[in-house]
Structures are given as structure tokens and as C-alpha cells.
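Asker: Model the full structure from these sequences, guided by the hints.
Protein chains in written order, with my numbering: chain P, 110 to 276; chain L, 26 to 428.
Just so you know, the hints here were simulated from the structure itself, not pulled from any lab data.
Where hints are given, some of them may not hold.
[Stated by the list, open to error] Derived pair list, reagent style BS3-like, types lysine-lysine, alpha-carbon separation capped at 25 Å:
1) K167(P) - K107(L)
2) K167(P) - K380(L)
3) K100(L) - K170(P)
4) K380(L) - K413(L)
5) K380(L) - K254(P)
6) K224(P) - K66(L)
[Claimed, not checked] Computed Cβ-Cβ distance ranges for the label pairs, DEER-style:
7) R115(L) - P211(P): 56 to 66 Å
8) I212(P) - R115(L): 53 to 63 Å
9) N95(L) - I212(P): 22 to 32 Å
10) R115(L) - S189(P): 28 to 38 Å
11) K104(L) - K224(P): 42 to 52 Å
12) L35(L) - P211(P): 41 to 51 Å
13) S189(P) - L35(L): 10 to 20 Å
14) I255(P) - A119(L): 30 to 40 Å
15) I237(P) - S86(L): 20 to 30 Å
16) Q114(L) - I212(P): 55 to 65 Å
17) Q114(L) - P211(P): 49 to 59 Å
We treat Cβ as the ideally placed atom computed from N, Cα and C, and that holds for glycine.
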Amino acid sequence: MMYPRLMSFCMKYVQDKFIADEIVGEALLYLWERKRDLNHIDNIKSYLYTIVRNKAFKHLKAAEKVIYLESDRHDYFSDSDNENIIEEEVQTILLSALETLPIKCRRVFELSCLKGLKYKEIAEDMNISVNTVKSQRARAIELLKIQLKDQPILLAYLTFLIKNQIF
Amino acid sequence: MIEKKYSNYLIAKLITKSVLEDLNTEENTQLNDWLKQKGNKELYNRIVNVENLQTKQEFLSALNSQDAYNNVQLKIALKKRKRMRRLLQRTIGAAAVLCLFVTAGIKWHNYIQTQQQIISQQTLKEIKPGYEKATLILANGVEINLEASINKQIQLSGAAEINNLNNLLKYRPTADTNAGEIAYNTLYVPTGGIYTVELSDGTKVWLNSNSSIKYPEVFTGSQRVVELTGEAYFDVTKSDKQFVVKTEHQDVTVLGTEFNVSAYTDDVYFSTTLVEGKVKLSSNQNTDVILTPGERGYLQVIGNNTLKVNTVNTRNYTLWKDGRFYFEQEPLENILKKMARWYGTDVKFEDESIKKTRFTGVVSKDKPITYLLDIISKTSRISYMASKNNSGRYEITISKIKQ
Numbered sequence: 110m111m112y113p114r115l116m117s118f119c120m121k122y123v124q125d126k127f128i129a130d131e132i133v134g135e136a137l138l139y140l141w142e143r144k145r146d147l148n149h150i151d152n153i154k155s156y157l158y159t160i161v162r163n164k165a166f167k168h169l170k171a172a173e174k175v176i177y178l179e180s181d182r183h184d185y186f187s188d189s190d191n192e193n194i195i196e197e198e199v200q201t202i203l204l205s206a207l208e209t210l211p212i213k214c215r216r217v218f219e220l221s222c223l224k225g226l227k228y229k230e231i232a233e234d235m236n237i238s239v240n241t242v243k244s245q246r247a248r249a250i251e252l253l254k255i256q257l258k259d260q261p262i263l264l265a266y267l268t269f270l271i272k273n274q275i276f
Numbered sequence: 026m027i028e029k030k031y032s033n034y035l036i037a038k039l040i041t042k043s044v045l046e047d048l049n050t051e052e053n054t055q056l057n058d059w060l061k062q063k064g065n066k067e068l069y070n071r072i073v074n075v076e077n078l079q080t081k082q083e084f085l086s087a088l089n090s091q092d093a094y095n096n097v098q099l100k101i102a103l104k105k106r107k108r109m110r111r112l113l114q115r116t117i118g119a120a121a122v123l124c125l126f127v128t129a130g131i132k133w134h135n136y137i138q139t140q141q142q143i144i145s146q147q148t149l150k151e152i153k154p155g156y157e158k159a160t161l162i163l164a165n166g167v168e169i170n171l172e173a174s175i176n177k178q179i180q181l182s183g184a185a186e187i188n189n190l191n192n193l194l195k196y197r198p199t200a201d202t203n204a205g206e207i208a209y210n211t212l213y214v215p216t217g218g219i220y221t222v223e224l225s226d227g228t229k230v231w232l233n234s235n236s237s238i239k240y241p242e243v244f245t246g247s248q249r250v251v252e253l254t255g256e257a258y259f260d261v262t263k264s265d266k267q268f269v270v271k272t273e274h275q276d277v278t279v280l281g282t283e284f285n286v287s288a289y290t291d292d293v294y295f296s297t298t299l300v301e302g303k304v305k306l307s308s309n310q311n312t313d314v315i316l317t318p319g320e321r322g323y324l325q326v327i328g329n330n331t332l333k334v335n336t337v338n339t340r341n342y343t344l345w346k347d348g349r350f351y352f353e354q355e356p357l358e359n360i361l362k363k364m365a366r367w368y369g370t371d372v373k374f375e376d377e378s379i380k381k382t383r384f385t386g387v388v389s390k391d392k393p394i395t396y397l398l399d400i401i402s403k404t405s406r407i408s409y410m411a412s413k414n415n416s417g418r419y420e421i422t423i424s425k426i427k428q
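Answerer: Printed below as a string of C-alpha cells:
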């Protein structure tokens, strides 16, 4: 579940899908190895992001693409790290929710909520009535809300799995 | 570094909610507060940009979460195995070091013993089980090695014709019954041998190791008399004439029957075990005793010379003739005495207490000596070792394994 987010996040640093895949895999393995310590880790998500970020830096350092000015360790995120995390958290979750929507419904949502187009513009663009746009938009938001409500539960489920060493 | 007022995840949540127009007043304030900070507005726009999202979606849809999951699982499995191996290696390493010390100690301590063991093993291989071999001493004093003259006619003239066929020495009276003097033959079976003789009246005698029997070539007179030292099993042909087995301490008188007589001079007991028919035991010190089948009469030779009778499993006392040792609740001392007779060894006990340990079992006599000794040592805390003593005889040393 965290995999797409971490992959996308990692790609921001290493720009190589294969390497990113490797790093994320290692990070998940690292997490698994420390499953006994998980009780002390408040936020598994942050923990994973940190691991991935650090591993990515390590890789870049090895590839001599990044030169550190101060220290090797990054115990806190830089502004760009934070931005990247926020981006992943919004986009990946939103996209996974959008996946579940019917195509028309999704298109309306994208044009209206994300692009900020007017109902009329959307109706013209999609060759549908304004009322249909309105109803589709409302339906999309309703469906997405339901989808996104499940997210924390899924995360809890992941934590549960890891802690119980099933994963 | 800008001081962080809100967590990344809260911001992410707020952005998502704002897209869905689901923000409450408080959340709205928080988001606006965050957006006021430098660069955040740009970030927000970048995130919710449809083109960016589409690019991201293309990237994500190309990912195979299942594959990734499997990969991680595989890595976990490998890691587990590695860890096990590492643990094992460490354990083995520690064990090896420990072993090294222990072996060094034991090696040093057991060096001489090991040397002895090697000799012991070699010696044990040399010890062969007994087999059919005997010496026949004719009346005229001529000694015939029956082992060397298998399947051979020994004597054609005289009162009896003597044939040696398939380990059986057979006497058959000749037509010439008035041959004058009765000629006595002696059959001697050395240590490690068994031999069978069929007397002129058809009586079969199995002669055990280290035993000898003296008998006439043909029976004349009112009694059939043979003299026995050691152990023999008799299958006497029925006849009006009494059959008498004379031994050092007692006589066994019978009328057609099967029985076993054990009269070794080095045994504490002289015993007669009756399988079939009826026998009478008579000795100087005791009144005559008549045995019924299944009974064993044993005379204590050393000491008070009393004669006792008990009921036994006759197989116990007669199985030797079929090429098997049979022991039932037999003290180790007796077992090894029998074994020593068969294999031609001496036995030495390092510990007196183990002499009385009792064993039950059947062992084929043609097996090597180690077979019997292994059975004993593997089922008890007894070990054995073989060596050659000064007189050139094999010696089995029996000792107790210390706790």
C-alpha cells in the first residue's frame, strides 16, 4: 500500500525506476527487520519516508551525484523533502481514489475541482448538460470521500500486519 | 529551515479535503495559514495540477505492487535464512571451539586407551566363531582330525564301519559281531566346535565345545555306557538295554529319550535337562532322582554337592546344538563363559558387580564375537575390549561404563 507512494517519492531523488524499486524494497525489508521496535515508532509512514530518503541519498552519494555539505545523516526532512512527502501523500492517495471512479465522473471532477473550470465550460468540453456536470461532480466528491475515509484504516491494517509479523 | 507548524500528513489531508471541498472552518484556517508560507502556494498548485497528476498516474500504473511485494517477501525469506545460517555458523563456531578443547583433553586422556582400542578392533576381527571340528581317537590310539577328513570313510573293518559325512560321524555295526574285544573310541571337540556322532545303536549325540565322549564302537552287554566330559545332547534310540551317561560326578540312566547333559569340569553345576522320556540321575552323595520332561536336575559340584530339580524351558539348555546361543535371564558371567567356549577366548571382568547382570536373548553362533558383545554393550552400561594375552590366547575384557 505504501509502495506506490514510496516509489514515486524515491523517484524524485534517484530518477531511475529500477534503482527506486531496489531502494523501496530495501526500505520495506529494513522496516520488517525492525518490526520489534515498531512500538517505539510513532509514525511508520514518516519512518518509511526517512528510510527511503536516506537510502536514496546513500545511493546518490555512492554514484557521486550529490555532495554533502554538512553531514551524512539527515534526521529531519528538508523543505524539499517535506514538499515531496506532501505531494506524494496527496497525489498518490487521490489518484488511487480516482481510479475507482467511473471515467465520466472522474473527468468532471478533474476539470471542475482540480482545473477549476466552470460548469458551463465543462459541459461544453464534454458535450453534456450543466446539470449532468453538477450531479456527476457531486457524485465524484461523495465517492471520493468514502474512498479516502478508508485510508487511515488501511494504514492501521498495514501496521497491524507488520507488527504481527505476517508481512 | 522553516519552523514546521503542521505535519506533512496533516497538510496532505487538508489539501485533499480542499480539493473535495470538504474543509471545515478550522481546517480552512490551517490550510490558508500554511499556504501563506513561502513557496507553499506553488506546491499546492503543482500537486493538484491535472497534467502532473496524469504523469504521476502513468508512472504509478506502470508499477506492479504485487511484484514488489513478492520481491520484498523473497528478500525477507533470504534474510531469514541468512540469519539462521549466521546463527548456525556462530553456534557451530562456538561448538567447534568447545569441541576442540574437549577433544584435546579427551585425546590426551584417552591416547593409550585409543591405541588399545585399535588393537582391540583388530583382535576382535581375528576371533572366529567355532565351527564343526573334532578329533577322533580310535582304540589303537590313532588320532584323526575330522575337520580335515570331511566326507571320508574312516574304518571299514572291525566291529563297526565308521563314516564321516557332513559333520556327522556315523557308526554302523558290521556283520562281524564276534570281533572279540570291545574297542573304545573317543571323540573330542575342542573350544569353538560342535560335532555330531551317531552311535552304532542309532543314538545321536551332539557334542558341544570343549567336550569329549568315550563310547564303544558297538554296544555289547546289558547296558549301553558312554562317558562324558563337558556338554552333550542325547537323542537315545529306544532299546531294552539301559543307556548310561557317566560323568565325573553323576550317572544319567535312561530308556530311550532326549536330554541334555552338561558336565563341564569348570562349571559349578552339573546339569541334566530332560526334553522327552525319562531319566534317572544317580550320584554317590545323593539318592537317585527321576526327571520328567521339562525338568532340569542340577548338582552343585563345589560345596555341599546337593542335587536340585527345577522346571525349565528346555530350549534354554538344548539350543546350542542348533547353532544358537539361548539365554533366559542368564547372568552375564554364564553367558560369557559359554561365549568363551565357543569363540575360544578368555574372559576377564574388570568389575565384579556386572557379572550378575542378567540377559535374555537368542544369538546365532555363526555370527562374529562382536555381534554378541555389541548386543550386550548396546543394551547395558557395559563395554568390552579384546586383546591377546601372554599365552597367545584372545582375552575379552568386560568393564562397566562409568556414569
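Asker: Taking the hints in turn, state whether each one holds.
Answerer: Structure-based check of each hint:
1. K167(P) - K107(L): 24 Å, holds
2. K167(P) - K380(L): 77 Å, violated
3. K100(L) - K170(P): 24 Å, holds
4. K380(L) - K413(L): 22 Å, holds
5. K380(L) - K254(P): 91 Å, violated
6. K224(P) - K66(L): Holds, at about 15 Å.
7. R115(L) - P211(P): 56 to 66 Å: 59 Å, holds
8. I212(P) - R115(L): 53 to 63 Å: Cβ of I212(P) to Cβ of R115(L): about 59 Å, so the range 53 to 63 Å holds.
9. N95(L) - I212(P): 22 to 32 Å: Holds, since N95(L) and I212(P) (Cβ atoms, about 30 Å apart) stay within the stated range.
10. R115(L) - S189(P): 28 to 38 Å: Given about 44 Å between the Cβ atoms, the range is violated.
11. K104(L) - K224(P): 42 to 52 Å: Once the Cβ atoms are compared, 47 Å apart, the range 42 to 52 Å for K224(P) and K104(L) holds.
12. L35(L) - P211(P): 41 to 51 Å: Given range 41 to 51 Å: violated, Cβ gap about 31 Å.
13. S189(P) - L35(L): 10 to 20 Å: At 19 Å between Cβs, range holds.
14. I255(P) - A119(L): 30 to 40 Å: 58 Å, violated
15. I237(P) - S86(L): 20 to 30 Å: Because 26 Å falls inside the window, the suggested range holds.
16. Q114(L) - I212(P): 55 to 65 Å: 58 Å, holds
17. Q114(L) - P211(P): 49 to 59 Å: 58 Å, holds
Against the hints set out earlier in the document, violations occur for numbers 2, 5, 10, 12 and 14.
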